[in-house]
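**Q** Can you make the complete structure from the sequences, with help from the hints?
Under the UniProt record's numbering, the first residue of the sequence shown carries the number 1, and numbering increases by one thereafter.
To be clear, the hints were calculated from the coordinates, so they are not data collected in a lab.
One or more hints might be untrue.
[What the hints assert, rightly or not] Pairwise CB distance ranges (calculated): (1) Q96 x I162: 38 to 44 Å; (2) Y58 x Y189: 46 to 52 Å; (3) S164 x I78: 20 to 26 Å; (4) A99 x Y63: 21 to 27 Å.
[Said to hold, decoys possible] Listed next, the in silico BS3-like pairs over lysine-lysine satisfying Cα-Cα at most 25 Å (straight line): (5) K180 x K15; (6) K11 x K180; (7) K120 x K11; (8) K120 x K180.
Note that beta-carbon positions come from the ideal geometry of N, C-alpha and C, so glycine has one too.
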Amino acid sequence: MITINRFLTIKYPNKRFFQRRTWPFISSGIQWIISILIPVPYLIYLVEGCARQEQTPYWLQIYSFVIFIIVPLILNAISNSLIFITVRSSSRRVAQAVAATTGPTAKINHSSSRDTRLLKHMLFIFVAYIIGWLPVSCILLLNVDVYVNLTVSQFLRLLPVISSFITIFDLFFYNRDLTKYLTENFFKYLHIK
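**A** Spelled out as structure tokens, the structure:
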């Protein structure tokens with residue numbers, strides 16, 4: 001949802017809908033609705049399966065793999081590609097306008113390096129997600145948890161947490177508006193108390 005939200009605000013920067021204070025609530029509401037709907041197959045199985053005390057069916061493991069790995073990777077790849085294409089075309093338009101008015105300058109290289117940094121940042125987050133969630137999901141999908149050493153298994157279960165923290169820290173450090181808002185409010189809170 002963060003990537004889709006970022007794409008919409010980059011693609012439509014002048015749309016009032018995305019600038020209103022209601023947009024974060026709508027975006028969060030959509031995320032909550034999706035988060036509530038995703039576990040419905042588990043709930044159905046728990047109601048039916050627990051009464052019969054059956055083992056978790058394989059289709060539920062595949063469903064989990066698809067929902068937690070495949071769908072987010074596809075949505076992330078599409079959204080990040082669209083963000084990069086939008087930013088790249090914007091950089092080229094600006095570079096052409098600057099070159100037309102002032103002649104070729106170092107500004108063109110600056111926009112290219114900005115695009116490269118953006119691409120590296122997107123790939124870093126993408127790889128952090130894959131490294132964090134893919135090993136655990138594959139172990140659970142393939143039912144090889146019993147063959148993996150307990151220490152290794154616990155370390156692998158720690159990877160999604162580390163991946164999530166990396167994403168949170170990345171969001172904090174690379175989002176200037178969020179960093180400014182949180183630091184201002186944090187220091188304001190410290191001065192009041």
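**Q** Next step is simple, just say for each hint if it's right about the structure.
**A** Hint by hint, here is what the structure shows:
1. For the hinted restraint 38 to 44 Å between Q96 and I162, the CB-CB distance of approximately 42 Å keeps it satisfied.
2. For Y58 and Y189, the hinted distance range of 46 to 52 Å is satisfied, since their beta carbons lie about 50 Å from each other.
3. In this structure, S164 and I78 meet the distance hint of 20 to 26 Å, their C-beta atoms being roughly 21 Å apart.
4. Distance hint check for A99 and Y63: the Cβ-Cβ separation is about 52 Å, which falls outside the suggested range of 21 to 27 Å.
5. With a CA separation close to 23 Å, the supplied pair K180 and K15 stays within the 25 Å bound.
6. In summary, the hint linking K11 to K180 is supported, as the alpha carbons are separated by about 23 Å, within the 25 Å threshold.
7. For a cut-off of 25 Å, the pair hint linking K120 to K11 stands: about 20 Å separates their Cα positions.
8. Annotation: proposed proximity of K120 to K180 holds, straight-line Cα distance about 23 Å (limit 25 Å).
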